[in-house]
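If you read the protein sequences in the order shown, they are chains Z and C.
Just so we're aligned, residue 207 is where the first sequence starts under our numbering, counting upward by one.
Just so we're aligned, residue 4 is where the second sequence starts under our numbering, counting upward by one.
As a list, the in silico SDA-like pairs of lysine to any residue whose alpha-carbon atoms are at most 20 Å apart:
| hint | chain 1 | residue 1 | chain 2 | residue 2 |
| --- | --- | --- | --- | --- |
| 1 | Z | LYS370 | C | PRO166 |
| 2 | C | LYS174 | Z | ASP227 |
| 3 | Z | LYS370 | C | GLU123 |
| 4 | Z | LYS447 | Z | ARG418 |
| 5 | Z | LYS225 | C | ILE167 |
| 6 | C | LYS9 | C | GLY175 |
No lab work stands behind these hints: they were computed from the structure.
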Amino acid sequence: MHRARTLYDKLVDRHTVRKLDEHAQQVLLYVDRTVLNEYTSPQAFTALRIAERPVWRPAAALGVVDHVNPTVVGRIAIPEDAAKQTSYFAENCRDFGIEIFDMKHAMQGIEHVVMPEIGLVLPGMVIAAGDSHTTTYGAFGALGFGIGTSDIEHYLATQTLIYKRLGSMRVTLDGDLPPGVRSKDVVMALIESIGASGATGYAIEFQGGGIRALSIEARMTLCNMAVECGARGALIAPDEKVMTYLSKTVRAPRDELWRLASERWLSLQSDCDAIFDREVILAAKEIAPMVTWGTSPDQAVKITECVPDPRMQADPVRRHAIERALAYMDLRPGQPVNTIQIQAAFIGSCTNSRIEDLRDAARVLDGRHIASGVRAIVVPGSMSVRRQAEAEGLDRIFTSAGFEWRQSGCSMCLAMNDDVLARAERCASSTNRNFEDRQGAGGRTHLMSPAMVAASAVAGRLADVRQLVGER
Amino acid sequence: MQAFVKVRGIAVPLAASNIDTDVIMPKQFLKGIDRSGLDRGLFYHLRFDEQGSPRPGFILNQAEWRDAAFLIAGPNFGCGSSREHAVWGLMQYGIRCIIAQSFAGIFFDNCARNGLLAIELGEEEVRRLLDLVSSPADNVLTIDLNNETICGRGLEIDFEIDPIRKDSLLKGLDAVGQTLEFRDEIRTFERNYLRENPWLEQK
Ligand code: SF4
Numbered sequence: 207m208h209r210a211r212t213l214y215d216k217l218v219d220r221h222t223v224r225k226l227d228e229h230a231q232q233v234l235l236y237v238d239r240t241v242l243n244e245y246t247s248p249q250a251f252t253a254l255r256i257a258e259r260p261v262w263r264p265a266a267a268l269g270v271v272d273h274v275n276p277t278v279v280g281r282i283a284i285p286e287d288a289a290k291q292t293s294y295f296a297e298n299c300r301d302f303g304i305e306i307f308d309m310k311h312a313m314q315g316i317e318h319v320v321m322p323e324i325g326l327v328l329p330g331m332v333i334a335a336g337d338s339h340t341t342t343y344g345a346f347g348a349l350g351f352g353i354g355t356s357d358i359e360h361y362l363a364t365q366t367l368i369y370k371r372l373g374s375m376r377v378t379l380d381g382d383l384p385p386g387v388r389s390k391d392v393v394m395a396l397i398e399s400i401g402a403s404g405a406t407g408y409a410i411e412f413q414g415g416g417i418r419a420l421s422i423e424a425r426m427t428l429c430n431m432a433v434e435c436g437a438r439g440a441l442i443a444p445d446e447k448v449m450t451y452l453s454k455t456v457r458a459p460r461d462e463l464w465r466l467a468s469e470r471w472l473s474l475q476s477d478c479d480a481i482f483d484r485e486v487i488l489a490a491k492e493i494a495p496m497v498t499w500g501t502s503p504d505q506a507v508k509i510t511e512c513v514p515d516p517r518m519q520a521d522p523v524r525r526h527a528i529e530r531a532l533a534y535m536d537l538r539p540g541q542p543v544n545t546i547q548i549q550a551a552f553i554g555s556c557t558n559s560r561i562e563d564l565r566d567a568a569r570v571l572d573g574r575h576i577a578s579g580v581r582a583i584v585v586p587g588s589m590s591v592r593r594q595a596e597a598e599g600l601d602r603i604f605t606s607a608g609f610e611w612r613q614s615g616c617s618m619c620l621a622m623n624d625d626v627l628a629r630a631e632r633c634a635s636s637t638n639r640n641f642e643d644r645q646g647a648g649g650r651t652h653l654m655s656p657a658m659v660a661a662s663a664v665a666g667r668l669a670d671v672r673q674l675v676g677e678r
Numbered sequence: 004m005q006a007f008v009k010v011r012g013i014a015v016p017l018a019a020s021n022i023d024t025d026v027i028m029p030k031q032f033l034k035g036i037d038r039s040g041l042d043r044g045l046f047y048h049l050r051f052d053e054q055g056s057p058r059p060g061f062i063l064n065q066a067e068w069r070d071a072a073f074l075i076a077g078p079n080f081g082c083g084s085s086r087e088h089a090v091w092g093l094m095q096y097g098i099r100c101i102i103a104q105s106f107a108g109i110f111f112d113n114c115a116r117n118g119l120l121a122i123e124l125g126e127e128e129v130r131r132l133l134d135l136v137s138s139p140a141d142n143v144l145t146i147d148l149n150n151e152t153i154c155g156r157g158l159e160i161d162f163e164i165d166p167i168r169k170d171s172l173l174k175g176l177d178a179v180g181q182t183l184e185f186r187d188e189i190r191t192f193e194r195n196y197l198r199e200n201p202w203l204e205q206k
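In isolation and in its complexed conformation, chain Z is listed as follows (with noise of 0.2 Å):
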């Protein structure tokens, strides 16, 4: 009988080796990949080592140094325990077979951004990876998860995971966004409506018109931010943009084997009649320009709102954490958001900082300059994207509108390297996480796209690029 799935399903039980309970809700779980950083694999490839243990299939794991690398050109000065990190990870990837992109390899970059760029990342595929974000790879049809350390010992040791089934979430995006609204404001838009755990044991798929009209690019901040608000995993069925995209890749198969590959690829998606466990619909023409007043990514509002008042909220937990936030970031309540004045502005992040997204603030940029009294800094998302904006001119625009001009990593998404904000620095950031202390001790973040990023760059203040460029 025909029993009809989503493509979660499909692709769980496409990797299942082995159910372990009776009802496959936990299975052993075959991954077809990974990519690992430097600081959250060291003691996984320990672990391996005192056991004894080989790595069970080195081909389908790539390393990349992203997280402790500074960014400044040249690449000097690094930190003696960011050295250690990184001289451990090229010994690791170089005793156990494994491919490595390190520090000043011309492919470097965020992992999540080195992975689908080279065509690492294939419909179909099952990618974990210790990093959170690895949800990203759901743009090309992929299931992609976050794994701790343990589960990347797991990984390499088995090429499996035990993994429990989740509950499947459709989030449909009904009609095109309006002009000026990008894809990181509709997964800003949808954290705030569910709520940092509102998918919390569910994998998302995303559908509808204003997701197929969407570049991979933007789907791929759409998925990245999923985990935002707890999904483990964010999958768009892929279609021709995904071929397209792919064909374009250096190892993406070819000939035979793509056509083989790109037929299977054009299947996957979910049966018309598969139930999902919960249904989110968005109405595009509804989202505006998000941006984030508080210390956790859905204390979010649009652009032209306000900042809450703890007063109008009766929950008293939740009153508390607005109290918190607002405490932390140095904020009153009712103030206009598009009032709140910045120090700092920087683009970059596995979010947002792709070609599109540097092109996106450039064109905000281009003829203008920053507000003085912000420092202003753009990390492109990996060396390639770093050449491909030099050869099309954007960082000359980027560095004569006021912005520093950096090579690619994490830098100032996380500030494990020495990007960092000040005690009280307020900063508009195209990244993902405005935790308390993300960016730097007592720093203040402010998640936005970036084209908002750059807007806010030029007024000084949290500003709506719609009315910088006007309606485009």
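Based on these hints, arrange chain C with the ligand on the given structure of chain Z.
For chain C with the ligand alone, kept in the frame of chain Z given last:
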């Protein structure tokens, strides 16, 4: 992995929601290549001020709670970054069990892999526990994994846990070793799978 059977200890109330792993283990403690020294990093910015002196207001710095074995928290505990350092730090500090309204997925799995018991309870039950252990005289609980119960003064709460998770916690099993017992099955699966998806073999 450390086994968990029945533990009696002090419980700390942390009523907030969305306590993220950046707060549990700030980035400056992620720079090692081993697991050492993470007890110092636990809740660092909450526990210590800019000079590195303990903040007397933070509950773990108060004598009645300093030797805590359990944490009780609101929804979405452990959200954010996948860093397992958060779990290692909690365990090095001496925390053996976290009770929360809900957990973020990666953190929940990281707990299981290290023998840190993570219990999800309803809002009402979490509230009762928070109220109880907020009084230093009543802050000792006994958590019995075998019987799936939490006992405190005048209160007994049943909890549920996935049987597979329970079994490996009770025995303190090494997951990798267990999975490798299915080595041949994985090989067979892989051979068939790569034959059907031949483009996955190349890189
Ligand atoms: S850019 Fe930020 S979110 Fe992305 S992998 Fe790096 S640190 Fe994590």
